[in-house]
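K.L.:
As a plain string of letters, each chain reads:
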Amino acid sequence: MSIRERLSGNEAVANAMRQINPDVVAAFPITPSTEVPQYFSTFVNNGSVDTEFVPVESEHSAMSACVGAAAAGGRVMTATSANGLSLMWEILYIASSLRLPIVMSCVNRAVSGPLNIHNDHSDSMGARDSGWIQLYCETNQEAYDNILMANRIAEHLNVQLPVMVCYDGFITSHSIENIELEEDDKVKAFVGEYNPEHYLLNKKEPIAVGPLDLQPYLFEHKFQQAEAMRAAKDVILEVSEEFAKMTGRKYGLFEEYKMEDAEVAIVVLNSTAGTAKHTIDELREKGVKAGLIKPRVFRPFPVTEIAQALKNVKAVAMLDKCDSTNGAAGPLYTEVTSALYTEGITGVKTVNYVYGIGGRDVKSDDIEKVFTDLQEIVSTGKVENPFRYLGLKD
Amino acid sequence: MAYNLKEAMKKPNRLASGHRMCAGCGAPVAVNAILRGLKPEDHAVIGSATGCLEVSTFIYPYTAWRDSFVHSAFENAGATVAGAEACYKAMKRKGKLPEDEHTKFIAFGGDGGTYDIGLQSLSGAMERGHDMVYVCYDNGAYMNTGIQRSSATPRFADTTTSPSGKVVPGKQQKRKDLTEVMAGHHLPYVAQTAPYGNFSDITTKAEKAIYTEGACFMNVLAPCPRGWGYPTENLMELCKLAVDTCYWPLYEIIDGRYVVNYKPKNKVPVAEWLKLQKRFAHLFKPGNEWMIEELQKEVDEKWERLLELEAITNKAE
Chain A
16 MSIRERLSGN EAVANAMRQI NPDVVAAFPI TPSTEVPQYF STFVNNGSVD TEFVPVESEH
76 SAMSACVGAA AAGGRVMTAT SANGLSLMWE ILYIASSLRL PIVMSCVNRA VSGPLNIHND
136 HSDSMGARDS GWIQLYCETN QEAYDNILMA NRIAEHLNVQ LPVMVCYDGF ITSHSIENIE
196 LEEDDKVKAF VGEYNPEHYL LNKKEPIAVG PLDLQPYLFE HKFQQAEAMR AAKDVILEVS
256 EEFAKMTGRK YGLFEEYKME DAEVAIVVLN STAGTAKHTI DELREKGVKA GLIKPRVFRP
316 FPVTEIAQAL KNVKAVAMLD KCDSTNGAAG PLYTEVTSAL YTEGITGVKT VNYVYGIGGR
376 DVKSDDIEKV FTDLQEIVST GKVENPFRYL GLKD
Chain B
4 MAYNLKEAMK KPNRLASGHR MCAGCGAPVA VNAILRGLKP EDHAVIGSAT GCLEVSTFIY
64 PYTAWRDSFV HSAFENAGAT VAGAEACYKA MKRKGKLPED EHTKFIAFGG DGGTYDIGLQ
124 SLSGAMERGH DMVYVCYDNG AYMNTGIQRS SATPRFADTT TSPSGKVVPG KQQKRKDLTE
184 VMAGHHLPYV AQTAPYGNFS DITTKAEKAI YTEGACFMNV LAPCPRGWGY PTENLMELCK
244 LAVDTCYWPL YEIIDGRYVV NYKPKNKVPV AEWLKLQKRF AHLFKPGNEW MIEELQKEVD
304 EKWERLLELE AITNKAE
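If you read the protein sequences in the order shown, they are chains A and B.
According to my numbering, the first sequence is numbered sequentially starting from 16.
According to my numbering, the second sequence is numbered sequentially starting from 4.
Please note that the accuracy of each hint is not assured.
Pairs of lysine-lysine, BS3-like flavour, derived with a Cα cap of 30 Å [to be verified]: (1) K95(B) x K219(A); (2) K318(B) x K218(A); (3) K201(A) x K260(A); (4) K265(A) x K248(A).
Derived from the structure by calculation, the hints contain no laboratory data.
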């Protein structure tokens with residue numbers, strides 16, 4: 016039986032980590048992810064886990080220690096946000112290229128500068144091409160569930176890649192919600208033991224990790240890494256299906272909300288999807304055929320599936336909580352429009368909104384405005400300016 | 004057991020030959036002398052910062068390391084090996100590793116990766132007390148990228164980013180004293196050594212560092228023929244003179260107590276060491292005598308201070 020609880024997102028994630036009982040957790044405090052190692056160190060010092068907790072002196076060392084521990088053969092976890100993730104940058108790429116199944120909670124927060132501690136997605140979006148699988152979460156429940164699935168995905172022999180579980184700073188990390196927790200023994204059985212094929216601590220088979228990898232080999236190694244990312248899609252679905260059997264909670268590559276007959280839709284990540292669902296319900300009562308796609312898996316990007324899910328809408332808005340400052344659109348827009356074109360779907364009008372930067376509140380009125388704009392695009396057949404801002408003051 | 008060169012040399016090299024380090028380089032000599040401090044039956048996880056040692060010993064698909072080896076980046080050898088050690092503790096606790104097998108953890112970094120870019124990672128790993136040894140092989144500059152100055156570069160040395168020019172005669176700053184920085188971490192064991200003589204000093208210290216529980220640090224002088232400018236066959240002479248001039252004193256700090264391992268009866272003038280190296284050639288031009296005098300003064304002062312520290316920390320209570 017699941018256990019009904021009321022927990023914040025960070026508490027839920029720390030509890031998932033307690034149930035997983037990893038070998039090593041190395042982390043450094045940064046708002047709003049600080050609570051994760053904080054709760055976890057309590058579990059360590061109270062003896063409810065066997066984990067070695069490494070309270071490092073920086074996020075760079077956090078990820079470095081994770082690399083060392085994972086190469087040594089351990090199940091390894093960490094948590095960070097914003098500038099902490101920025102400081103890890105160099106080692107994020109090393110972790111994925113060494114094919115180390117590290118699991119990180121990325122509690123999304125605006126990357127400096129100027130300094131801001133509130134939620135947007137500039138941190139994890141900046142790391143979208145670092146070779147990490149990225150899972151996004153709307154609620155505390157999703158954060159908990161994705162963490163429980165993450166090790167299985169990361170450690171799968173066809174994958175062997177690190178996983179970043181992203182959820183919104185404060186909005187999700189600090190808000191208390193109702194949540195269903197699984198029993199410890201069930202989680203233990205689901206997550207299973209980690210038995211790496213090759214690892215530093217195996218005296219019988221010493222290995223060397225992290226070579227100088229020159230022109231004759233690096234390309235092929237990078238190709239293998241890209242193949243692993245492609246293979247991750249099926250593995251994520253397999254693990255999610257098994258998870259659904261245990262919990263009844265179903266997860267795919269993305270969630271579709273009222274998309275069956277939708278004419279106008281938005282694509283948005285994380286907590287804003289909750290606000291969007293509320294607005295869609297209201298609009299539906301007024302007869303507007305509104306729908307939502309909430310990507311869960313951003314890396315690997317589900318090109319075909321997302322394009323097919325959007326092929327029947329007349330107009331779609333991609334909401335980016337991150338400005339790529341590329342003189343054009345945010346990353347979600349770029350990825351989705353590229354998917355549509357790749358799938359030969361050219362009849363859907365597309366528009367981008369950068370919103371919620373630095374924790375700017377997103378209200379149902381804002382989402383309603385997007386749908387009003389989409390209806391105008393449908394009626395005029397024109398997209399005046401595809402690169403827009405939502406909730407920006409004059 | 005007392006050190007015996009013949010016995011020590013019977014141990015197979017744990018860094019195999021065939022690596023691509025330069026002839027006359029101190030680093031691989033130092034590494035093998037240190038690894039002879041390991042008990043033959045013990046497994047080791049060895050980490051290295053990016054640098055000459057790493058890029059010359061582990062070029063895919065070849066490795067010269069007989070033990071497990073890990074390299075991640077330039078500035079994080081301390082944290083990387085600390086992570087592996089943490090994992091060892093956890094896996095031992097969980098019964099995932101054989102009880103009767105022991106793994107030792109050793110990180111190597113050049114002076115660039117240790118004194119400079121990796122100082123924070125090193126300091127963190129040492130302060131947290133991981134059961135590991137960090138070994139800095141100090142060749143006094145960023146040799147791998149082409150002899151750029153580091154904070155370990157001696158004053159007045161000519162490097163490619165502190166060239167001896169018409170106005171500025173080489174590096175202007177004194178070198179950082181990393182061994183003393185590490186002493187400030189209150190570690191159970193800190194040692195300064197060099198591949199020297201019959202290698203008794205370096206191997207004995209390595210054995211102590213490896214088998215002392217907790218975080219231990221070794222600073223090892225490792226001459227570089229390219230960066231220092233000497234014929235390859237002069238390696239051992241340069242090590243010997245660095246010690247005999249007291250430029251590089253051999254000493255250890257055991258739980259805060261200083262032990263100076265070698266006190267030359269006749270301290271050789273530092274000029275004898277300097278003149279064998281091209282990086283100091285400009286010091287011997289007429290009018291530049293003051294630079295040699297300054298360096299001699301620096302060496303003398305530091306040597307006296309070291310002897311005082313030894314006296315103070317060994318005073319009977």
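K.L.:
Each hint needs a verdict: does it hold in this structure or not?
P.N.:
We went through each hint and held it up to the structure:
As the CA atoms of K95(B) and K219(A) are separated by approximately 16 Å, the hinted pair is consistent with the 30 Å bound. Between K318(B) and K218(A) the CA atoms are separated by roughly 45 Å; this puts the pair beyond 30 Å, and the hint is violated. Taken as a hint, the K201(A) and K260(A) pair is honoured in the structure, with Cα atoms around 12 Å apart against an allowance of 30 Å. Restraint check for K265(A) and K248(A): satisfied, since their Cα atoms lie roughly 15 Å apart, inside the 30 Å limit.
Going down the numbered hints, you'll see the structure goes against just number 2.
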